[in-house]
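One-letter residues, chain by chain:
Number of protein chains: 2
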Amino acid sequence: MGARAEYVTRPREWITSILAREPRFLSAAQIHERAKRLGMRVSLSTVYRTLDHLLAKGGVTTRAQSDGEATYLLCAPAQHHHHAICRRCGRVDDVDCSVTDQFAQSLRARHGFNIDEHAMEFFGTCGDCR
Amino acid sequence: MGARAEYVTRPREWITSILAREPRFLSAAQIHERAKRLGMRVSLSTVYRTLDHLLAKGGVTTRAQSDGEATYLLCAPAQHHHHAICRRCGRVDDVDCSVTDQFAQSLRARHGFNIDEHAMEFFGTCGDCR
DNA sequence: ATATTTGCAAATAATTTGCACGTAA
DNA sequence: TTACGTGCAAATTATTTGCAAATAT
Chain A
90 MGARAEYVTR PREWITSILA REPRFLSAAQ IHERAKRLGM RVSLSTVYRT
140 LDHLLAKGGV TTRAQSDGEA TYLLCAPAQH HHHAICRRCG RVDDVDCSVT
190 DQFAQSLRAR HGFNIDEHAM EFFGTCGDCR
Chain B
90 MGARAEYVTR PREWITSILA REPRFLSAAQ IHERAKRLGM RVSLSTVYRT
140 LDHLLAKGGV TTRAQSDGEA TYLLCAPAQH HHHAICRRCG RVDDVDCSVT
190 DQFAQSLRAR HGFNIDEHAM EFFGTCGDCR
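For the protein sequence lines, the chains are A and B, in the order given.
Each residue of the first sequence is one higher than the last, beginning at 90 in our numbering.
Each residue of the second sequence is one higher than the last, beginning at 90 in our numbering.
Since the hints were made in silico from the structure, they are not lab data.
Where is the CB? At the ideal position from N, CA and C, for every residue including glycine.
Straight-line distance between alpha carbons at most 25 angstroms, and here's what the computed DMTMM-like set of lysine to aspartate or glutamate pairs gives: (1) A:Lys146 x B:Glu158; (2) B:Lys146 x A:Glu206; (3) B:Lys146 x A:Asp156; (4) A:Lys146 x B:Asp205.
Label pairs and their in silico Cβ distance ranges: (5) B:Gln154 x A:Ser134: 21 to 27 angstroms; (6) A:Ala92 x B:Arg219: 45 to 51 angstroms; (7) A:Gln154 x B:Gly216: 21 to 27 angstroms; (8) A:Arg99 x B:Ala92: 55 to 61 angstroms.
Chain B is nowhere near these chain A residues, computed Cβ spacing over 12 angstroms in every case: (9) Ala94; (10) Leu127; (11) Met129; (12) Gly148; (13) Gln168.
Based on the provided sequences and hints, a complete structural model is requested.
Put into C-alpha cells, the structure is as follows:
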C-alpha cells in the first residue's frame with residue numbers, strides 16, 4: 090500500500106546539480122537559464138515541478154523574494170538553522186539557531202559575515218485563539 | 090525644489106481605515122473585498138497604488154506569503170521590532186528586538202502568545218564580498 | 001487652475017495545468 | 001509494460017500600466 094515510486098531522471102539530476110553548485114537562493118527562471126546555458130534541455134514547467142518535488146521530499150528550502158518571486162536553495166536541515174544572506178552576491182551561510190545580543194559579532198567572527206540587517210518572525214497561537 | 094504634494098483622498102482614507110481596524114497582514118484583494126463589503130467604492134488598482142504609497146511613506150510593512158502573494162500591515166516602526174503572527178487567526182503582536190533562549194517563554198508570558206515556530210534571516214555582506 | 005489621484009481595461013510576469021508522448025523501472 | 005515524468009501550449013493569478021476623467025488643493 091502506498092509509497093509512491095520515484096524515478097531518477099535526467100532533468101531531476103540536472104536541476105539538483107545546478108542547485109548543488111551554488112550556495113544561493115535561485116528562482117525557477119534562473120535555474121532554467123543556467124540549465125540552458127549548460128546544454129541541459131529542460132522545460133520551465135519541469136523546473137517548477139521538480140522544485141515542488143524536492144520541497145515535498147524535504148531537500149530544498151524556499152524563500153519568497155520581496156517582489157513575490159519564489160527562490161530555492163538546496164538545504165536538507167540536518168539541524169534546525171537559519172540563513173545569513175549576502176545582500177551583494179546572495180551567498181548563503183548556515184547559522185545555527187541560538188540568538189544573542191552578540192550575534193552579529195560572532196557571526197562576523199565565525200562566518201566572515203558582516204550583518205547589518207535581520208528579520209525574524211514568530212508563529213504560534215495568540216491568547217485569543219487558545 | 091521638490092517635495093511632492095500629497096492629497097488626502099477618500100480611497101486613501103478608506104484603505105487606511107481598513108488596515109487600521111485589524112492587526113493582521115491583509116492582501117490587496119482582501120482589502121479590496123472588505124472595502125466593497127463596507128460600501129466603499131475603490132478599484133483594486135487604487136488599492137495597490139495606495140499600498141505602494143503607504144510603503145514609500147513608511148506607514149506600512151509588507152510580507153510575502155509563502156504562495157508569493159503580498160500582504161500589508163499598518164505598522165509605523167516606532168522602534169525596531171518584529172512580529173509574532175498567530176497561525177490560526179493571523180493576529181499580529183509586536184515584539185521588541187531582543188532575542189534570547191527564553192524568548193518563547195517570555196513571549197508567552199508577556200503577550201499570551203504560544204510560539205511553536207520561528208524564522209529569521211540575516212542580511213549583510215559575506216567574506217568574499219568585502 | 002492644476003497637480004495629483006482614480007477607474008477601467010489591457011498588458012505583464014510568475015506559476016499551474018491538461019494532455020499526448022517519452023522514459024525509468 | 002506500465003506507472004511516473006516531461007514538454008508544450010493554454011489557463012490562472014497577482015500585479016502593473018496607459019490614459020482619459022475626477023478630485024483635492
